[in-house]
Amino acid sequence: MSKEPEINPNQGQSQQWGTKVGVILAVAGSAVGLGNFLRFPGQAAANGGGAFMVPYFIALLLVGIPIGWAEWTMGRYGGKRGFHSAPFILGAVGKSRVFRYIGVLGVLIPMAVSFYYTYIEAWCLDYAIMYMTGELNLASAGGIPEQSEAASKIFADTVGLNTNGIHAGGNLRTFVLWALVFAVNITLVYRGISGGIEKFCQLAMPTMAVCAVVVLVRVLTLGTPDPAFPDQNVMGGLGYMWNPDFKVLANPQTWIAAAGQIFFSLSVGFGVIINYASYMKKESDVVLSGVTAAATNEVFEVSFGGMITLTSAFVFLGATQATMVAGSTFGLGFNTFPIVFAQMGPMGRLIGAVWFFMLFLAAITSSISMYQPSLAFFEEALGKGRAAGTAILVAFCLVGSFMTMYFSKGLVFLDTVDSWVGTLGIYVLAMIQLCIFSYIFGVSRGIDEAHEGAHIRIPGIYKPILAVVSPLFLVSLFAIFSYNNLPTWIGHVAEKPAAQYAIGLIVACIVALCAMVYAGEQRLERRGIGLEGLDEPGPSSDSGPAGLDE
Amino acid sequence: MKTRIYLFRLALSLFLLSLLVAPASAQVTPSGGTPLEAIFEIHHEPTDESFVIFGDQVSLGGLLPTKVDYQKDYSKLQGQTFDVVETQKHGGIDYHSFIEVNGVDKLVKKGTVTVSEVSPVDGMPEANVKGTYRVEFTDGGASEGDFQLVASVKDYNLNTLGMLLMGLSIFSVWALAIFCYKKLLFDSPDD
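As they're listed, the protein sequences go chains A and B.
For the first sequence, the residue numbers in my numbering are 1 to 550.
For the second sequence, the residue numbers in my numbering are 1 to 191.
Don't read these hints as lab results, they were simulated from the structure.
A couple of the hints might just be wrong.
[Said to hold, decoys possible] Restricting the straight-line Cα-Cα distance to at most 25 angstroms, the calculated cross-link-like pairs of lysine to aspartate or glutamate (DMTMM-like) are:
1. K247/A / E117/B
2. K130/B / E144/B
3. K247/A / D155/B
4. K183/B / D226/A
5. K110/B / D139/B
6. K247/A / D56/B
7. K182/B / E283/A
8. K247/A / E37/B
9. K384/A / E525/A
10. K154/B / D226/A
11. K463/A / E449/A
12. K109/B / E126/B
13. K154/B / E49/B
14. K109/B / E149/A
15. K154/B / E449/A
16. K67/B / E86/B
17. K110/B / D48/B
18. K247/A / D122/B
19. K106/B / D231/A
20. K130/B / D83/B
21. K247/A / E126/B
[What the hints assert, rightly or not] The following residues of chain B were derived to be distant from chain A, with all beta-carbon distances above 10 angstroms:
22. H44
23. G62
24. D122
25. G140
26. Q148
27. K183
Every residue gets a Cβ at the ideal spot worked out from N, C-alpha and C, and that includes glycine.
Whenever a hint applies, use it, and build me the whole structure from the sequences.
Given below as structure tokens:
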């Protein structure tokens, strides 16, 4: 009789966060990404400037933080029962096999997003290197129109925008950098929660903050660079971003934009928090951890993203250009900013290098968080060790990432995965998670569970918020978002082969992941482990159960 | 519990009421076409003023020889006709005039905008402007229609309210973060 393979031999004591701050920096690292610097400013400026902060903070309190608490709580609950991947955690919380299969979204989303996110990470690294070596020198191109053309060409070559395939002189260099970046990501994830992810985030997050401060100081001391355009100055740039237009508050689209920004910024419904929280100790404080991670994300978003990005674009390029690019994350980050740095004189090269290195750090702290949930799932579902689980993860990612890089024309493949999985999928998973937490697990029971080990208590007002307001908000947001976007997305899939390949890959991944869930269920049944996993250990234990290994 | 239900109902009522007092739409309406949301912006350039009727689906810009100036004397616009140009410079970048027709952005070669009526917006540094436009496209077609927009002079300098909101927002997130980290690192027992 063949020996039953061990289930997660690396579970339990060896897979726990080393410090209280470590898990928070890791979750915050997952949340802080390009969107904090490139998406938030555009959303705010387009939706009433400073007035946008009213619905923004309301959405933070009513949607972002409560859904985050639900995820942190469910994650730790699942971890106590020996589960670390979304399918099995949601199955334990929801007490139904159905939720195991729905929980596949919690693996699909981070994995599929990683297919293209590491590619974007490689762009950031490429630009940082180009600035460090002096290779990217737009000032030599001539005036701003010529610089704009040169910037567009550099971006198109870097990402392979104009043609599919991987070409020398085009995106071949980016492909090589991607391979390097991917290897670093996998190595960090393979080294484990504490030895890899936590240690890296403890270094990367403060470094990112330092880089942000350097760029912020440079931007705030720009003054009026061109006397020919006296209105284009720092105060004008800050005013462009922050002067309020309160009329927008009467427009429901503003509230939708704010809630959407909070939602995506905090990385709730992404499958990461629920995985990361599962490695917390039984007595860890999920309430304080959840708020702290959210606060860290907001510091980067509001005080750095809100002060740097559009201010500098306005100062050098004026209001109308800032408006034109504000809605485009890639356009702002990779076309407009090189032009901005080119106007800064000799300092522009240094600031450009620091800026893109900061974006690289923001991207890599996010991407390593995307690999860990999938790795945990492969270990758990298939009973594989870390090495074998990593190999399976690498296989999936090599296929997905290579397809992303190969079908680069117009970034259609990337956009399709981003739309269907990285946007729509997140809404769906967040709604499901919240419904499981609020209506199946129960709000009162969930809050009691969250309060275990907590040093601050969730205010009583959050009971009705979790039961009614947050789900209503989320469902409304999802319905309006789908109404506004799905017809266009479906049209794109119907028209573009690259989009069809992307959908095919997504479907194939879902099928494969569901098959793995089934295989995992069979193994757990043979081991006599039910939906709710292992019993909780007694109070004398200071960690979770010994895991599903023996 | 009753208090919470009351507060919830009050909040819901206020929210619904705010929707009712939303300002009238500002639109450009091509003849026989669907209205396009837009604003009428006046920009101070280094030597001239320019205007742009600007929205997601339309951009018609040109110079404003009859200057509104920093006193925002919008009445000067009344009865005036301004040329729409194919491209316009802002901050050294060229912007192309266009109108979306049946889902396609059609580039404008030339045209005119005529302001027939200007009326103030009570208590606001803006004005309601009504008028008509006519443009010719680069591919030979043409479009005409009318507009009813809110005109404003773009003044971007950070104002008092903006400074307050910026300061409050940044202070709030930093205060929350410091509170949380202090609690986590110093006030809570080690795990």
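Structure-based check of each hint:
no.: 1; hint: K247/A / E117/B; result: 23 angstroms, holds
no.: 2; hint: K130/B / E144/B; result: 14 angstroms, holds
no.: 3; hint: K247/A / D155/B; result: 17 angstroms, holds
no.: 4; hint: K183/B / D226/A; result: 47 angstroms, violated
no.: 5; hint: K110/B / D139/B; result: 12 angstroms, holds
no.: 6; hint: K247/A / D56/B; result: 18 angstroms, holds
no.: 7; hint: K182/B / E283/A; result: 19 angstroms, holds
no.: 8; hint: K247/A / E37/B; result: 15 angstroms, holds
no.: 9; hint: K384/A / E525/A; result: 17 angstroms, holds
no.: 10; hint: K154/B / D226/A; result: 19 angstroms, holds
no.: 11; hint: K463/A / E449/A; result: 13 angstroms, holds
no.: 12; hint: K109/B / E126/B; result: 29 angstroms, violated
no.: 13; hint: K154/B / E49/B; result: 11 angstroms, holds
no.: 14; hint: K109/B / E149/A; result: 22 angstroms, holds
no.: 15; hint: K154/B / E449/A; result: 52 angstroms, violated
no.: 16; hint: K67/B / E86/B; result: 21 angstroms, holds
no.: 17; hint: K110/B / D48/B; result: 19 angstroms, holds
no.: 18; hint: K247/A / D122/B; result: 14 angstroms, holds
no.: 19; hint: K106/B / D231/A; result: 31 angstroms, violated
no.: 20; hint: K130/B / D83/B; result: 16 angstroms, holds
no.: 21; hint: K247/A / E126/B; result: 13 angstroms, holds
no.: 22; hint: H44; result: 6 angstroms, violated
no.: 23; hint: G62; result: 13 angstroms, holds
no.: 24; hint: D122; result: 13 angstroms, holds
no.: 25; hint: G140; result: 27 angstroms, holds
no.: 26; hint: Q148; result: 16 angstroms, holds
no.: 27; hint: K183; result: 6 angstroms, violated
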